[in-house]
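Asker: Which chain is which? The protein sequence lines are Z and W, in order.
Read in full-length UniProt numbering, the first sequence has 41 at position 41, and its numbers run on one by one without any break.
Read in full-length UniProt numbering, the second sequence has 379 at position 379, and its numbers run on one by one without any break.
Please note that the accuracy of each hint is not assured.
Which copy is meant is left open, because identical chains are indistinguishable; a pair holds if it fits in one copy or across any two.
Think about it this way: if two alpha-carbon atoms lie no more than 30 Å apart in a straight line, the pair counts; the simulated DSS-like pairs of lysine-lysine are [unchecked claim]:
| hint | residue 1 | residue 2 |
| --- | --- | --- |
| 1 | Lys224 | Lys413 |
| 2 | Lys163 | Lys377 |
| 3 | Lys89 | Lys350 |
| 4 | Lys192 | Lys11 |
| 5 | Lys192 | Lys136 |
| 6 | Lys75 | Lys136 |
| 7 | Lys356 | Lys346 |
Quick caveat, the hints were computed from the structure, so don't treat them as lab data.
There are 2 protein chains.
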Amino acid sequence: MIETVIKTQSKFPRVIILGGGFGGVEVARKLKNKPVDVLLIDRFNFHTFQPLLYQVATGTLADDSIAFPLRKMFKKQSNFSFRLAEIEKVNHQEQVVHTSVGAYGYDYLVIATGATSNFFGMENIEKFALGMKSVKEALNIRSYVLQNFEEAILRKHQGERTKYLNFVIVGGGPTGVELSGAIAEIQLHMLKEDYPELRKEEMNVYLIEGMDRVLGALSESSSKDALRYLEDLGVKVLLNTQVTDYDGDIISLSGGKTIETKTVIWSAGVKGQMPEGIDASLIERGNRIRTDEQCRVEGMSRVYAIGDVAALISPDTPRGLPGVAPVAQQQGKYVAEHIVNTIENKTNEKFVYTDKGSMATVGRSKAVADLGKVHFKGFFAWTIWMFIHLVSIFGFRNRMVTFVNWSIKFFTKSSGIRLIINPYFREDK
Amino acid sequence: MIETVIKTQSKFPRVIILGGGFGGVEVARKLKNKPVDVLLIDRFNFHTFQPLLYQVATGTLADDSIAFPLRKMFKKQSNFSFRLAEIEKVNHQEQVVHTSVGAYGYDYLVIATGATSNFFGMENIEKFALGMKSVKEALNIRSYVLQNFEEAILRKHQGERTKYLNFVIVGGGPTGVELSGAIAEIQLHMLKEDYPELRKEEMNVYLIEGMDRVLGALSESSSKDALRYLEDLGVKVLLNTQVTDYDGDIISLSGGKTIETKTVIWSAGVKGQMPEGIDASLIERGNRIRTDEQCRVEGMSRVYAIGDVAALISPDTPRGLPGVAPVAQQQGKYVAEHIVNTIENKTNEKFVYTDKGSMATVGRSKAVADLGKVHFKGFFAWTIWMFIHLVSIFGFRNRMVTFVNWSIKFFTKSSGIRLIINPYFREDK
Numbered sequence: 001m002i003e004t005v006i007k008t009q010s011k012f013p014r015v016i017i018l019g020g021g022f023g024g025v026e027v028a029r030k031l032k033n034k035p036v037d038v039l040l041i042d043r044f045n046f047h048t049f050q051p052l053l054y055q056v057a058t059g060t061l062a063d064d065s066i067a068f069p070l071r072k073m074f075k076k077q078s079n080f081s082f083r084l085a086e087i088e089k090v091n092h093q094e095q096v097v098h099t100s101v102g103a104y105g106y107d108y109l110v111i112a113t114g115a116t117s118n119f120f121g122m123e124n125i126e127k128f129a130l131g132m133k134s135v136k137e138a139l140n141i142r143s144y145v146l147q148n149f150e151e152a153i154l155r156k157h158q159g160e161r162t163k164y165l166n167f168v169i170v171g172g173g174p175t176g177v178e179l180s181g182a183i184a185e186i187q188l189h190m191l192k193e194d195y196p197e198l199r200k201e202e203m204n205v206y207l208i209e210g211m212d213r214v215l216g217a218l219s220e221s222s223s224k225d226a227l228r229y230l231e232d233l234g235v236k237v238l239l240n241t242q243v244t245d246y247d248g249d250i251i252s253l254s255g256g257k258t259i260e261t262k263t264v265i266w267s268a269g270v271k272g273q274m275p276e277g278i279d280a281s282l283i284e285r286g287n288r289i290r291t292d293e294q295c296r297v298e299g300m301s302r303v304y305a306i307g308d309v310a311a312l313i314s315p316d317t318p319r320g321l322p323g324v325a326p327v328a329q330q331q332g333k334y335v336a337e338h339i340v341n342t343i344e345n346k347t348n349e350k351f352v353y354t355d356k357g358s359m360a361t362v363g364r365s366k367a368v369a370d371l372g373k374v375h376f377k378g379f380f381a382w383t384i385w386m387f388i389h390l391v392s393i394f395g396f397r398n399r400m401v402t403f404v405n406w407s408i409k410f411f412t413k414s415s416g417i418r419l420i421i422n423p424y425f426r427e428d429k
Numbered sequence: 001m002i003e004t005v006i007k008t009q010s011k012f013p014r015v016i017i018l019g020g021g022f023g024g025v026e027v028a029r030k031l032k033n034k035p036v037d038v039l040l041i042d043r044f045n046f047h048t049f050q051p052l053l054y055q056v057a058t059g060t061l062a063d064d065s066i067a068f069p070l071r072k073m074f075k076k077q078s079n080f081s082f083r084l085a086e087i088e089k090v091n092h093q094e095q096v097v098h099t100s101v102g103a104y105g106y107d108y109l110v111i112a113t114g115a116t117s118n119f120f121g122m123e124n125i126e127k128f129a130l131g132m133k134s135v136k137e138a139l140n141i142r143s144y145v146l147q148n149f150e151e152a153i154l155r156k157h158q159g160e161r162t163k164y165l166n167f168v169i170v171g172g173g174p175t176g177v178e179l180s181g182a183i184a185e186i187q188l189h190m191l192k193e194d195y196p197e198l199r200k201e202e203m204n205v206y207l208i209e210g211m212d213r214v215l216g217a218l219s220e221s222s223s224k225d226a227l228r229y230l231e232d233l234g235v236k237v238l239l240n241t242q243v244t245d246y247d248g249d250i251i252s253l254s255g256g257k258t259i260e261t262k263t264v265i266w267s268a269g270v271k272g273q274m275p276e277g278i279d280a281s282l283i284e285r286g287n288r289i290r291t292d293e294q295c296r297v298e299g300m301s302r303v304y305a306i307g308d309v310a311a312l313i314s315p316d317t318p319r320g321l322p323g324v325a326p327v328a329q330q331q332g333k334y335v336a337e338h339i340v341n342t343i344e345n346k347t348n349e350k351f352v353y354t355d356k357g358s359m360a361t362v363g364r365s366k367a368v369a370d371l372g373k374v375h376f377k378g379f380f381a382w383t384i385w386m387f388i389h390l391v392s393i394f395g396f397r398n399r400m401v402t403f404v405n406w407s408i409k410f411f412t413k414s415s416g417i418r419l420i421i422n423p424y425f426r427e428d429k
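Work the whole structure out from these sequences, hints included.
Answerer: Below you can see the structure in the form of structure tokens.
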């Protein structure tokens, strides 16, 4: 069967953007009122504010606070259209993207499909551990943690309860740190209120990190402070420790240690997720697409890759840029300008990433932040963290609702959204 | 296998409440500090504020605004415990309730399991129509309506789009009226913004009602006003019309009329949903359990049935009481007192329902309300409706978030939560 290719009916060249994450959305926004036709394709009809996914997983925020409908985001942009579709394959010869709802022809293509959990080939872990890269996965974690408490109270003997009350987070980056802090807060505040049948001491939160410090991408001071905050909350942080296996009940660690647990949350690595049709020679470490210093995919003119799916390899960045939202956003803005310059036959400078700093929060009122050379910590860093995240969330409604939820959390110390709307059964994965 | 029955370890008699709806929750609350041990069992870990389910279905509110965790609700009630379980069977001889997580012995039992959609035996409709009795069903409707818009824009010819853009709501009670009004508002405000590819005129909202007026339980004036409000919003109301069949693409109506549609939402009737073990002779019309005027199930001492699953048959109420929240709540309070009186060997008066009135909202700024003999309508009735619902929602957080969402909806005219988190595919039912 020959698939009909759907071409733009606009007189302008068509830019197809694959993925509505931080990078893709930025490209589309910056192409507003430019002489192009923009088509954004995503498998979800919303943008996900990934830095706060862990708050959905731990019941502080509802899904709708960190998810913003893509059509709504661009309702005032007349050169924008959207298709809800699975992206299947890029055919660069034909300049066509094949999707679950048809094939679309492009003049310019931006691959911004992001990343997914990387289990580094460990099949057992992939089978039994929970990832946290999408709203749906975050909701699964929320349900699953609560389901484990419900299971625990059905067991009379403490030994039988252990595996339901041990929570293991693998990977000490910002996601792992923030998530283990938030689960420790559940232990400190919610457990007693909601599950008087259980004792706080029966629950354990473990954070496993392969390197010798958490938040490896931040300063030594931030790592040290974050570790202290985590330990103050009761999180058992195991540094220099690798996961070797997990059978759904017992996780095995390097050095022979094992932990009985039903819950392993994986935040130890990501890999690019890309459509078919990218030549294997272009794939770098972490399943990322190699680009030149202008974010262009080598050998594919007018095709760009940005954000977590891209590896911009240069003498200064032999391993690519870090997989964080600001890189994707800055690349998105750059690529939008690059496309306009190309259309107007102007030359382009190379992309330069401006690192404005990193931060992570560790439970209520505590955070660490490296802004330039300056390191902040504690309550002050936490207010910076809150402010920056609040203004970064798309949409007035989402900001207001998030503010209400954070205020209530601050005063009650308790996450309010303890709902199991869709129970999560691991065997279903 | 002989199942071990889990008995209360309290010295007080155990009251088991089946179902955490309006009735069950009220029984549990009113038993606070009473000499009983309360065990509430529900298949969900939250109470659902059903009157606002239609706002979840139409994207004005998120699920967490109308769902309140049951454990959190009772965190300060020391004689309360909760089990998340499917209720399977009542064995009155043994005074045991069998559930998916074990068998529990009771001294007093309150059956408050509510109602589910009644398709009156029409299998095709049950197969293809969407019910709206749970949060999950409401979220399915939200996803499905949006998915239909996404499907419609993929069709170039208007004839192919018709069935994706016709929405049929069956049943002109408060749920059907409120839902069809809210979907008509999507047509008026959101469609143009989010789907510029579609014309407003291509979409149709039908409300099918078997009787000669909508809101049959309200006054004639309310019915008339509601009908006018619906028609002002563009809803096509078909009175005196029955559904005869639906094959997933075409709905057939009495009189031979047919409508092409992928979306039929069923709010034309409910039936009680009860555990096994209730004698068939006790089942009244609508699959409800017959009770005496003290809410007791006939022949089963110390067993009560309240709310939508109960039919309190008396000379004054030969068909039972209406299936509305106030009946369940008043019966819940009554039964709690009845149990305490019984324990204290006091006598009980019969249950008397106090009808404080009914109301329904029809889109933004319009509502009808019958309070006693007085009929209100328009903006004033709408503010009453808003106020009463806002104060009735459980929890400060939910009230605040609902208030934010309603305020934004009022000013923007648009429902913000247009998210397809879990796509709904009808064949999966």
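Asker: Does each hint fit the structure? Answer for all of them.
Answerer: Okay, the hints, checked on the actual structure:
1. Lys224 x Lys413: within (25 Å within a copy, 49 Å between copies)
2. Lys163 x Lys377: For lysine 163 and lysine 377, the Cα distance exceeds 30 Å both inside one copy (34 Å) and across copies (57 Å).
3. Lys89 x Lys350: within (28 Å within a copy, 70 Å between copies)
4. Lys192 x Lys11: Cα proximity of lysine 192 and lysine 11: across copies only (23 Å, versus 64 Å in one copy).
5. Lys192 x Lys136: both (28 Å within a copy, 28 Å between copies)
6. Lys75 x Lys136: both (25 Å within a copy, 28 Å between copies)
7. Lys356 x Lys346: Within. Shortest intra-copy distance 29 Å satisfies the 30 Å Cα cut-off; inter-copy 73 Å does not.
This entry does not satisfy hint 2, going by the numbered hints stated previously; all others are met.
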